[in-house]
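Below are the chains, spelled out letter by letter.
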Amino acid sequence: MSPTADWVLLDGVLAVLAVWLIVGVAGIASLRRFRFVARVLFPLGGLFGLLLGGLSLAAVAGTPEVAVLPIGLPGLPFHLRLDSLSAFFLMVLGFVAAGVSTFAAGYFRKGEGTPPGLLCLEYHIFLASMVMVLLADDAYAFMVMWETMALSSYFLVTANHRIREVRSAGYLYLVVAHIGAIAILLCFGVLQANTGVYTFANMRAQTLTPFWGTAAFLLALLGFGAKAGLLPLHVWLPEAHPAAPSPVSALMSAVMLKMAAYGMLRVAFDLLQARLWWWGALLLALGLATALFGVVFASVQTDMKRLLAYSSIENMGLLFAGIGLALTFSAYGMTPMAALALTATLYHVASHAFFKSLLFLGTGSVLHATGERNLGRLGGLIRTMPWLAWITLVGVLASAGLPPLGGFVSEWLLLQSFLFTPGLPNPLLNMLIPVVAALIALVAALAGYTMVKFFGVVFLGQPREDKLAKARDAGRWERAGMLWLAAGCIALGLLPVQFVALIDPVTRQLVGVGLGNAAQGGGWLLAPNGIERASYGPVIFLLGVAASFAFAFLIVRRFYHGRLRRAPAWDCGYRWQTARMQDTAEGFGQPIRQIFEPFFVMTRELPTPFDTQPRYRVTVADHFWGWIYLPVVALAERIARLFGLLQQGRIAIYLLYSFLTLVVTLLAVKR
Amino acid sequence: MTLASFLSQLLEIVVALALAPLLTGWVSQWRAWLQNKSAPSLLQPYRLLHKLFNKESVLAEHASPLFRGAPYIVFGCMTLACAIVPTLSTDLPLSPAADAIALVGLFALARVFISLAAMDIGTAFGTLGARREMLIGFLAEPALLIVLFSASLISKSTSLTTIVDTLGHRELMVYPGLALAAVAFTMVALAENARVPVDNPATHLELTMIHEALILEYSGRHLALIEWAASLKLFAYACIGLALFFPWGVAEAGEPLVMLLALPALVAKLAVGGAGLAVLETLSAKMRIFRVPEYLATAFLLAVIGMLVHILLAA
Numbered sequence: 001m002s003p004t005a006d007w008v009l010l011d012g013v014l015a016v017l018a019v020w021l022i023v024g025v026a027g028i029a030s031l032r033r034f035r036f037v038a039r040v041l042f043p044l045g046g047l048f049g050l051l052l053g054g055l056s057l058a059a060v061a062g063t064p065e066v067a068v069l070p071i072g073l074p075g076l077p078f079h080l081r082l083d084s085l086s087a088f089f090l091m092v093l094g095f096v097a098a099g100v101s102t103f104a105a106g107y108f109r110k111g112e113g114t115p116p117g118l119l120c121l122e123y124h125i126f127l128a129s130m131v132m133v134l135l136a137d138d139a140y141a142f143m144v145m146w147e148t149m150a151l152s153s154y155f156l157v158t159a160n161h162r163i164r165e166v167r168s169a170g171y172l173y174l175v176v177a178h179i180g181a182i183a184i185l186l187c188f189g190v191l192q193a194n195t196g197v198y199t200f201a202n203m204r205a206q207t208l209t210p211f212w213g214t215a216a217f218l219l220a221l222l223g224f225g226a227k228a229g230l231l232p233l234h235v236w237l238p239e240a241h242p243a244a245p246s247p248v249s250a251l252m253s254a255v256m257l258k259m260a261a262y263g264m265l266r267v268a269f270d271l272l273q274a275r276l277w278w279w280g281a282l283l284l285a286l287g288l289a290t291a292l293f294g295v296v297f298a299s300v301q302t303d304m305k306r307l308l309a310y311s312s313i314e315n316m317g318l319l320f321a322g323i324g325l326a327l328t329f330s331a332y333g334m335t336p337m338a339a340l341a342l343t344a345t346l347y348h349v350a351s352h353a354f355f356k357s358l359l360f361l362g363t364g365s366v367l368h369a370t371g372e373r374n375l376g377r378l379g380g381l382i383r384t385m386p387w388l389a390w391i392t393l394v395g396v397l398a399s400a401g402l403p404p405l406g407g408f409v410s411e412w413l414l415l416q417s418f419l420f421t422p423g424l425p426n427p428l429l430n431m432l433i434p435v436v437a438a439l440i441a442l443v444a445a446l447a448g449y450t451m452v453k454f455f456g457v458v459f460l461g462q463p464r465e466d467k468l469a470k471a472r473d474a475g476r477w478e479r480a481g482m483l484w485l486a487a488g489c490i491a492l493g494l495l496p497v498q499f500v501a502l503i504d505p506v507t508r509q510l511v512g513v514g515l516g517n518a519a520q521g522g523g524w525l526l527a528p529n530g531i532e533r534a535s536y537g538p539v540i541f542l543l544g545v546a547a548s549f550a551f552a553f554l555i556v557r558r559f560y561h562g563r564l565r566r567a568p569a570w571d572c573g574y575r576w577q578t579a580r581m582q583d584t585a586e587g588f589g590q591p592i593r594q595i596f597e598p599f600f601v602m603t604r605e606l607p608t609p610f611d612t613q614p615r616y617r618v619t620v621a622d623h624f625w626g627w628i629y630l631p632v633v634a635l636a637e638r639i640a641r642l643f644g645l646l647q648q649g650r651i652a653i654y655l656l657y658s659f660l661t662l663v664v665t666l667l668a669v670k671r
Numbered sequence: 672m673t674l675a676s677f678l679s680q681l682l683e684i685v686v687a688l689a690l691a692p693l694l695t696g697w698v699s700q701w702r703a704w705l706q707n708k709s710a711p712s713l714l715q716p717y718r719l720l721h722k723l724f725n726k727e728s729v730l731a732e733h734a735s736p737l738f739r740g741a742p743y744i745v746f747g748c749m750t751l752a753c754a755i756v757p758t759l760s761t762d763l764p765l766s767p768a769a770d771a772i773a774l775v776g777l778f779a780l781a782r783v784f785i786s787l788a789a790m791d792i793g794t795a796f797g798t799l800g801a802r803r804e805m806l807i808g809f810l811a812e813p814a815l816l817i818v819l820f821s822a823s824l825i826s827k828s829t830s831l832t833t834i835v836d837t838l839g840h841r842e843l844m845v846y847p848g849l850a851l852a853a854v855a856f857t858m859v860a861l862a863e864n865a866r867v868p869v870d871n872p873a874t875h876l877e878l879t880m881i882h883e884a885l886i887l888e889y890s891g892r893h894l895a896l897i898e899w900a901a902s903l904k905l906f907a908y909a910c911i912g913l914a915l916f917f918p919w920g921v922a923e924a925g926e927p928l929v930m931l932l933a934l935p936a937l938v939a940k941l942a943v944g945g946a947g948l949a950v951l952e953t954l955s956a957k958m959r960i961f962r963v964p965e966y967l968a969t970a971f972l973l974a975v976i977g978m979l980v981h982i983l984l985a986a
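Going down the list, the sequences are from chains P and A. Each residue of the first sequence is one higher than the last, beginning at 1 in the working numbering. Each residue of the second sequence is one higher than the last, beginning at 672 in the working numbering.
Derived by calculation from the structure, the hints in this document are not laboratory data. All clues given are correct.
Distance condition first, Cα-Cα at most 20 Å in a straight line; then the derived DMTMM-like pairs of lysine to aspartate or glutamate:
id: 1; chain 1: P; residue 1: Lys470; chain 2: A; residue 2: Glu732
id: 2; chain 1: A; residue 1: Lys722; chain 2: A; residue 2: Glu898
id: 3; chain 1: A; residue 1: Lys827; chain 2: P; residue 2: Glu532
id: 4; chain 1: A; residue 1: Lys957; chain 2: A; residue 2: Glu883
id: 5; chain 1: A; residue 1: Lys722; chain 2: A; residue 2: Glu883
id: 6; chain 1: P; residue 1: Lys470; chain 2: P; residue 2: Glu372
Here chain A is said to cover these stretches of chain P; the calculated rule only asks that three of the stretch's residues, wherever they fall, bring their Cβ under 8 Å from a Cβ of chain A:
id: 7; stretch: 444-452
id: 8; stretch: 561-572
The structure presented is a predicted model; accordingly, all values stated were derived computationally and were not measured. Note that CB positions come from ideal geometry on N, CA and C, so glycine has one too.
Let's have the full structure, built from the sequences with the hints guiding it.
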């Protein structure tokens, strides 16, 4: 795969980038013309997102294209490279952005925090910076764009900056993002191995000693782990995602988190030449812990966007576990299995991007229609907002990992790659990895629990508040954007063979081997290791269920009848049933709180029997605040106090400081 | 796909649809005998289905289309499950569409839909049932997967037909890991099919109900479909258990005539299994709902230990 001279597709990608920047600037130029920004600029951006997706789709299977852009500092041009790995992530970015931008056209309202024109600029800079992160082929361009991405998303998160929680969430996000960025910078410093040349091409050519290789890997893990929300650097995620406007939460969760997975893959499989097996084991353990933590916390949340944010932590954990497994296989030279694990991971990248953006957009529509994010005040929206409910149901089923949708395929592939492990030459891993598969199954099942809670409490049952009866369904733009994403979820579920074939060049680039022909049975069966071993045919699956559905329906109508009578709900004959008697979000989380009690810091308010205004409340918090963050904050504060001792407030003392500094400096200079 | 394999697939579905209520009736008959009660007729489930199909469906005023569609979806899922589990023959055209993992996914799909439907009406019992059903589901699902993984590790395949072929026809060996898996599978099957230590299919005490609370608002044909689907689920689980632990007597060739010879073997195995289920149910008492996680965690651990034993012995 030698770089070729004709870089047509890369040109196209850069053109999309330019259009996005122009759209952004046009947004800031027409700050007050709300309708123009919303109805023209955002859809235009979405259209070019579609174009980007199409271009990258063509680029995945193509040869790598390189270019040098003479921008930035003198002597430090941006090196760009469009290869299969970056094209795959660009494709996800483009297609998801198309849906989210269309939704955003109908979403942003006048008079909410940052004006839409400015948001339009920040939003498109955010998109463009992610494209550049994926294209970057030297550490300099990568870091500049990585920081642009962090900063533009910071401004988007704090769009509603008049609310105090939003500002503090943004601050936390910025701090963690910068800790991560420092680690990535250091990682690149190690990777260039004292050559002083920071292009990725140079890094690929270096062979590091195991010590420095490990150092680079651990720094990359810290840096990209902070962006992905791996334990224990996850705390910013459930704060920042709910604070942002829904289209921004959707982009952050669906695409920006994937940049971390991209960076990890780029460093571990492309830039580092030698790999050690325990790196993979470490990633696997960390990813699994994150996934379990995320899903357990998701199931006890009472705020819909926080619930989804924790679910994103879970999914990022699964992705990193998949990368870890692939890394272990690849370190032992078992490349076909590494290819299978990587395929599962990349598949999950795409399916999570689609279903999570869909769900976040759904919460946005609910928020606008009802003004509520609290699950305890929602309910019954399937009757007032049928469009939204049915579209969201697609995302819910995909997120719960149910066949025949996209989430299931990646879970299936991942479990298949775990079942391969008994071939590993390491007995310890052989024993442990099937247990890991068991835990992954537990995580997937818990995700189903969480999603039933999410959908059931928001859309089903009776409205818990009177105002919900007047909720208006999602508008045309919102509906169109969400339908596109839902179609993506369905396509990913029903066409796994075609999609796995698409991923093939990416795994070829990373581990040298693809899955080859995964199609069996006339292209309808996904069988990555032969039909004898395992196969899955979602279309046949769906047709089987649909056929028996239709058969049952027709038989019942033909031989019996279709009579139906509407009556009040029966509820065992209890007549005074109210909406308050339904299970709440807290109630639905109760079994989880009981089973996974050690995971939580729980505070319960249990009133006495004589309390005239009793309040029952359970709050659930995270152990990591107490274990890591608060001690670090306390330490920083103590150090700051020590410095505070210098500040005496008397001019004589300050003059003394100046004098001492002068003396010390003179001594230092003289020597 | 040849005509013969198509016919064998059709025969398998028809046999499942026809025999499933009979199995339910057989189990309740044995239960009644063991508990010194006069037993209902073996055909009672068929009569019940017929009666329910004839009745008018009474639907809650604010029920959404999801509520009306769910029984059909659940029924469709269970029919497909019965179609892909090799009961009579291992040559089934539908079988490659879903392996063991997809089968577990199929059960999960049905569970999610019935739970969502129960939440749709918004009654206290419905949501309570949904929560409990999902609780049991998320604990039982991993255990079931691990049991299936143990069998997959032996046959190096997650395809159910290959598993049955390997266990029943090629390698006649005793696997100690599978014994533990069998215990775990029995525990999971009891929980998933709302059987006694976890739930009581004959209960009418609202506060202890799980499965019955879920379907409280259904009536008429919808209820009939759900009852039939529940029978099919029991049938499918029984067949999975037989396929994994007693795979002998399943036809290898896809000839419908050979399958007819496999039919008596299946009926005999199911009859013994059903009677065993009734004995288990009679000997145990229903446990409190908060003990269920412990019970299922035990099943999960047994399954994991079974798998580890297999890996240790294989190494």
